[in-house]
Amino acid sequence: MEWALLIEQILNGIQFGVLLFLLAAGLTLTFGIMDLVNLAHGTMYMLGAFIGATIFLWTGSFILALLLAVPIVAGIGILTEITTLRTLYQRHHLDQVLATFGLILFFNELVQVVWPLDGLTVPFPKYLDSTVPLMFGIEYSVYRLMIIGSGLIVAVGMWALVTKTRLGMLIRAGATDRTMIYALGTNIRLLFTLVFGIGTALGALAGVLMAPILGANSGMGEQIIIIAFVVIVIGGIGSVRGCFIAALITGLIDSLGRSFLDVILALFIPVNAAEAAAPAISSMLIYIFMTLILFFKPQGLFGSQTQ
Amino acid sequence: MLSLDNLQNRRKVLGVLVIGLCALAPVAANLLDEPYYINLFARLMIWAIAAISLNLILGYGGMISFGHSLYLGIGAYTVGIFAYYDINNFYIQLVAALMAGFCVALVFGSICLRTRGVYFIMITMALTQMIYFLSISIEEFGSDDGLIIYVRSELGTDLISFDNPIHRYYVIFLVMIACLYFSHRLIHSRFGYVIRAAKSNETRMEVLGYPTFRYRLACFVIAGVMCTVAGVLSANVEKFVSPDIMHWTRSGELIFMVVLGGMASMMGPITGALVFWLLSEFFARITEHWHLIFGPFLILVVLLSPRGIDGLLALKRSAND
Amino acid sequence: MTDVLLRIKDLNKSFGGVLATDNVTLDVEQGEIHALIGPNGAGKTTLISQISGILESDSGEIEFDGKPITRLKAPARSLMGIARSFQITSILKDFTCQENVALAVQAHFGHSFNIWKPVASETNIQNRAISVLDSIGMSEHCDTIAGELAHGEQRQLELAIALAMDPKLLVLDEPLAGMGRLDSAKIIEFLKGLKQKFTILVIEHDMDAVFTLADRISVMVYGRLIASGSPDDIRGDSLVRSAYLGKD
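Residue numbers (the working numbering), protein chains in the order written: chain S, -1 to 305; chain L, 64 to 384; chain B, 5 to 252.
Any given hint might turn out to be false.
[Unchecked claim] Heads up, simulated DMTMM-like pairs for lysine to aspartate or glutamate below, C-alpha to C-alpha not over 20 Å straight-line:
#1 K13(B) / D69(B)
#2 K97(B) / E265(L)
#3 K77(B) / E265(L)
#4 K295(S) / E60(B)
#5 K172(B) / D187(B)
#6 K295(S) / D62(B)
#7 K71(B) / D7(B)
[Said to hold, decoys possible] Residues of chain L placed beyond 12 Å of chain B at every Cβ, according to the derived structure:
#8 L87
#9 A163
#10 L237
#11 L363
[What the hints assert, rightly or not] Quick list of simulated restraints, FRET-style, between CB atoms:
#12 Y147(L) / L132(S): 42 to 50 Å
#13 P43(B) / I286(S): 34 to 42 Å
#14 A124(B) / F346(L): 37 to 45 Å
#15 L3(S) / G21(B): 45 to 53 Å
#16 I92(B) / L165(S): 44 to 52 Å
#17 I286(S) / K97(B): 35 to 43 Å
#18 G184(B) / Y244(L): 43 to 51 Å
#19 I5(S) / Y147(L): 38 to 46 Å
#20 A377(L) / A158(S): 48 to 56 Å
#21 T266(L) / A2(S): 37 to 45 Å
Note that these hints are calculated values from the structure, not bench results. Note that the structure is predicted; figures quoted are calculated from it, not measured. Cβ coordinates follow ideal geometry from the N, Cα and C atoms, glycine included.
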């Protein structure tokens, strides 16, 4: 086996995992605290990509794109929270799922109206559009390393937020026993809006970061949201730590599966068959992994029993 | 004389209207010289069949499956794949599709039903998406471009043929009526009572002596198999199948049809499918970007009338009383 | 040796480190009315949830009718003849009274995988349901939606559902909870009438009812069984007096 390829794919896997973490963290927060199943979370990721890309293309500054797009999308998120989602917290999950599905339809169409062409392609920021030499003679994209770095910073930030602050205490309380939050007598509306804003901002950040790699397309949110669901189901709903670990595992499984499954399968079955079956099976790997986890731990790796 | 003050009577009137509309649509289409409407209505009834099956688990059983479109895909792909290998006999295709739907529903159901609430929603979604990606990754069957079906299923008789739009239409119509009757029998049977009661109070049912998991699983499988039939019919209308048929947003649309018509009501899925289609046609005339209106409309329905059209019927009664 | 219907040995259950039942050992004899009393939070409901199989026990053993049932789940225990009622009324509120009771009957009349024949036409089930409702004095409510009943009637329906299971052991969690004096008296009379037909384990706070009905009484405090004996023994037990009755 080629070590260089292996390490490169591990890095890709971590990069994908970090991206998944950014997305899934927001989802797991809104579910853990507000009991809200938000399908439209992927939409915020999409809006992040579009708005970030547009600002970047206009101004040429990626930093500016990050600094502006994330708050703008968070603002849009908060606006939807206040107008629509807020009324859904106490409602049945089915209502939440449907209403947020309505939001997806709306925003996907809106994006097509505002950006009528078939999506946007975004260049890499110049100063990050290079590679660095790593061990075994690997040249790895600086931009992807930057994504991994920012993801880790966010993860540390989230850890600090959850463990060190009052908001974090409420978040933890809510994840174990939701009725606690109501009992604690804080300004619940504000707390919920704030948490929703944070979640949306994380999703938007993921969108801005991914735009140079994947471009911006209407509907890009729906593909990724399901994988984010897989992540939080594996990690255990409401647990930020579980979310981080599950995101990295999922990213790695996906990336390594796509590159090496044919090689691994060829150890057991004829090479032809392995090469034919590998793409199909590798596209299902993370779901199979999720199923296995659920079989042994129906609450996910770090899920609390009470929910 | 039928009094409209009575909810049951109002439901009956609505049911007769909707089914009458479906029964006479081809006649009307010919009179209006718009044969194109026949296929539109056929498509609508296929949705209705899928929605009737979803209503069994979602409406009566309280299982929020966000992956029901999977079974449309299984049905349609079975026809597509058999046709690809030149096996065009309808009955062989149908039995194969039913068996495939049965096996998948049994396996997926046993996985999903181990979980509750939001986990259930996400897992049904994820497993369906898994098969969606599987269908994309198989190049032999057209990947995401889909599979063109050159020959429709052959019914083995000269009397009726799927190539004749009117024949096709009434076969679908009869299947829809059969599904409706079947689900009517089911929900009033012993089994139906257990499923409905388990939705309302599962612990109680366990203590009464019902292993609820088995009953839910059986219901999940029945719904899956019924929806597979809709998929088989769909392949024969479209002469085409692509992974899009089982994308999770399609499952979302099915859920909306059931909710729009009124969950756990007999006619709900059909009225839901009908109104869903009428609305999309209507909004599409206003603007090309009709989802801009449809999305908020969906949200309004959820917020204002969570019991759908059937709920509106009931509402009118209390206003009259 | 008298026949023991239900034998509980060293049963434990803890929630997050708090022992809800602490090494409980208890026998319920065939044909007796056995009352379980104790202050709120003593673990009485936990204990009967362990008996009915809703809660899994951490350790200990349960034997019913001579067979070990510790590992059986709730439905299997129910089919063996343990029927329980709930403290918080747990009827199916959208169903009529008759449907509620019929569901209990149906569970014990073979499997329910029949998806074709309407239940309403299964006369053996419906007749049995009607006769149970009749026996508890609710025959005029057969077609009433359960959620629309008055509270006392809902408690009665709860009891009817348990009876309809034709159990060997009735486990009743505060059958008189929230009932007015008149309704209570009616239910007490009714329970008296059941005395010869069923073995009953009942949790109740109404001491008059307990001392009128019970053949034996067990007292639980903080998850432990502190005393067990005839009503007279319990009345005279100093431990019980100080721990529980002494409050009065």
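Hints, verified against the model:
1. K13(B) / D69(B): At roughly 14 Å apart (the allowed maximum being 20 Å), D69(B) and K13(B) satisfy the hint.
2. K97(B) / E265(L): 13 Å, holds
3. K77(B) / E265(L): Holds: K77(B) and E265(L) sit about 14 Å apart, inside 20 Å.
4. K295(S) / E60(B): Answer holds: K295(S) to E60(B) is near 17 Å, not above 20 Å.
5. K172(B) / D187(B): Since the Cα atoms of K172(B) and D187(B) sit roughly 25 Å apart, the hinted pair is violated (cutoff 20 Å).
6. K295(S) / D62(B): 19 Å, holds
7. K71(B) / D7(B): 13 Å, holds
8. L87: Holds, because the least Cβ-Cβ distance between L87(L) and chain B comes to about 30 Å, which exceeds 12 Å.
9. A163: 21 Å, holds
10. L237: With a cut-off of 12 Å, L237(L) remains clear of chain B, as the shortest Cβ separation is near 19 Å.
11. L363: At roughly 26 Å from the nearest Cβ of chain B, L363(L) sits farther out than 12 Å, so the non-interface label holds.
12. Y147(L) / L132(S): 42 to 50 Å: 46 Å, holds
13. P43(B) / I286(S): 34 to 42 Å: At roughly 52 Å between Cβ atoms, I286(S) and P43(B) fall outside 34 to 42 Å, so the hint is violated.
14. A124(B) / F346(L): 37 to 45 Å: 43 Å, holds
15. L3(S) / G21(B): 45 to 53 Å: 50 Å, holds
16. I92(B) / L165(S): 44 to 52 Å: 35 Å, violated
17. I286(S) / K97(B): 35 to 43 Å: 41 Å, holds
18. G184(B) / Y244(L): 43 to 51 Å: 48 Å, holds
19. I5(S) / Y147(L): 38 to 46 Å: Holds: the Cβ-Cβ distance is about 42 Å, inside 38 to 46 Å.
20. A377(L) / A158(S): 48 to 56 Å: Holds, at about 52 Å.
21. T266(L) / A2(S): 37 to 45 Å: 57 Å, violated
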